[in-house]
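Modelling step: build the complete structure from the supplied sequences, incorporating the hints.
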Amino acid sequence: MKFSILGTGKMAEAIIAGAVKNYEIELIGRDNKRIHELKSLYPNIKTTALLDSPVDIEGKNLLLCIKPNALEGVSIFLSGTANGVISILAGTPIQKIKDTIKANYFVRAMPNLAAFYQKSMTTLYGDNEFKDEAINICESFGKTLWLDSEKEIDIATAIAGCGPAFLALVAEALADGGVKEGLKRDDALKLVQGLFEGMGDLLESKAPALIKDEVMSPGGTTAAGYSALEEGATRDSFIKAVSKAYERAKS
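Under the numbering used here, think of the first position of the sequence shown as 1, with each following residue one higher.
Worth flagging that the hints you see were computed from the coordinates, not collected in a lab.
A hint or two may mislead.
To be verified - With a Cα cut of at most 25 Å, we get these calculated PhoX-like pairs of lysine-lysine:
(1) Lys119 with Lys67
(2) Lys21 with Lys10
(3) Lys46 with Lys151
(4) Lys10 with Lys184
(5) Lys151 with Lys119
(6) Lys46 with Lys2
(7) Lys96 with Lys244
(8) Lys250 with Lys98
(9) Lys119 with Lys143
(10) Lys102 with Lys67
Unchecked claim - Distance ranges between label pairs, derived from CB positions:
(11) Leu169 with Asp213: 47 to 57 Å
(12) Arg34 with Ser205: 39 to 49 Å
(13) Ala233 with Asp31: 38 to 48 Å
(14) Ser205 with Pro68: 52 to 62 Å
(15) Lys143 with Ala224: 33 to 43 Å
(16) Met199 with Ala224: 17 to 27 Å
(17) Gly194 with Gly220: 37 to 47 Å
(18) Glu58 with Asn22: 17 to 27 Å
(19) Leu195 with Lys46: 32 to 42 Å
(20) Lys143 with Gly59: 21 to 31 Å
(21) His36 with Ala224: 53 to 63 Å
Beta carbons: idealized from backbone N, C-alpha and C, even for Gly.
The following block contains the structure:
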C-alpha cells in the first residue's frame, strides 16, 4: 500500500515516521535541502521535487501537509486527477481544496505530532466513498475518529490538534512545581512522563471526573492542590483555550 505526502514540515515528518514501516511513501516538496534531510532519515521513501515541471498525481492518494497559504502556489505544479486527497490544512474547507486540486474524493483530517510514535489521534470527515481508505492510511500512524460534519473537524482541531501544546504546558508546570519544592529537574520530568503515560490508559476505561474522585480523598493532599487549581480558574482557562483555537481554526 502506498500514498504521497505533499509537504516537508514537522507534520509531514511525523506521518512519515509513523507510517513508513507499513506504507510505500512518496514525499513531494519544494525545499530540496529538507527533502534530502528526510530521505537520509527515512531511506525507504521515494522523493519528488516540485520544480518547473508539473508532478503527476494521477490515481494517487495524496496527503496535503502544507501551510494553508501555500495551497494555491503549490497546486499549479500538480497535474492529473488524484484518487483521493486527505488535507490536514487547518481552517481550510473541503470546498477550497476541491476548487484547487483535482481528485475523485476529498477528506479533511487533523492528526497531531504523536504520529511520530504511531500515537496520533486523527479526526476525519469527507467523502464516504473514500472513508475506509482514508482511515486505513491515518491508522498507520495512530488512532482515528470519523466525524459527522466539517464543523466538528474545526472543533476537534482545537482539542486533538492543539491539545499537545496545551498538555505540554501542563507537563511543564507540574515539573516546575516539583523543582520549586526541591526535586531535581530530570526526576520531575520522569515523574510527569510516567504520569501522562498512565493517564492515557486510565482514560481508555474511566471518565475524567471518576478518576478525579477516586484520587481525591476528603481533606487530603490532592484536594488541597485541586482547590488551588480551581482558585486559579484552570478549568475555565482550558475551556477558553479550546474556544479560541476553534475560532481560529474555522477562520
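Quick rundown of the hints versus the structure:
With a CA separation close to 23 Å, the supplied pair lysine 119 and lysine 67 stays within the 25 Å bound. Between lysine 21 and lysine 10 the CA atoms are separated by roughly 18 Å; this keeps the pair inside 25 Å, and the hint holds. Simply put, lysine 46 and lysine 151 have alpha-carbon atoms about 35 Å apart, too far for the 25 Å limit, and the pair is violated. As the CA atoms of lysine 10 and lysine 184 are separated by approximately 31 Å, the hinted pair breaks the 25 Å bound.
Restraint check for lysine 151 and lysine 119: satisfied, since their Cα atoms lie roughly 24 Å apart, inside the 25 Å limit. Pair hint lysine 46 plus lysine 2 holds up; C-alpha atoms about 11 Å apart against a cutoff of 25 Å. A distance of roughly 23 Å separates the Cα atoms of lysine 96 and lysine 244; the hinted pair therefore holds under the 25 Å criterion. About 17 Å separates the Cα atoms of lysine 250 and lysine 98, which keeps this hinted pair within 25 Å; it holds.
For the hint pairing lysine 119 with lysine 143, the CA-to-CA distance comes to about 7 Å; that is within 25 Å, so the pair holds. With a C-alpha separation of about 18 Å, the suggested pair lysine 102 and lysine 67 falls inside the 25 Å cut-off, and the hint holds. In this structure, leucine 169 and aspartate 213 break the distance hint of 47 to 57 Å, their C-beta atoms being roughly 24 Å apart. The beta-carbon spacing between arginine 34 and serine 205, approximately 41 Å, falls within the hinted interval of 39 to 49 Å.
Take alanine 233 and aspartate 31: their Cβ atoms lie about 43 Å apart, and the range 38 to 48 Å holds. Taking the beta carbon of each, serine 205 and proline 68 are about 37 Å apart, not inside 52 to 62 Å as hinted. About 35 Å separates the C-beta atoms of lysine 143 and alanine 224, a value consistent with the hinted range of 33 to 43 Å. Between methionine 199 and alanine 224 the beta carbon distance is about 20 Å. The supplied range of 17 to 27 Å therefore holds.
A C-beta distance of roughly 21 Å is found between glycine 194 and glycine 220, which places it outside the suggested range of 37 to 47 Å. For the hinted restraint 17 to 27 Å between glutamate 58 and asparagine 22, the CB-CB distance of approximately 24 Å keeps it satisfied. Roughly 40 Å separates the CB atoms of leucine 195 and lysine 46, a value that falls within the hinted 32 to 42 Å. The supplied range of 21 to 31 Å is met by lysine 143 and glycine 59, whose beta-carbon atoms lie about 28 Å from each other.
Checked against the hint of 53 to 63 Å, the C-beta distance between histidine 36 and alanine 224 comes to roughly 54 Å, which is consistent with it.
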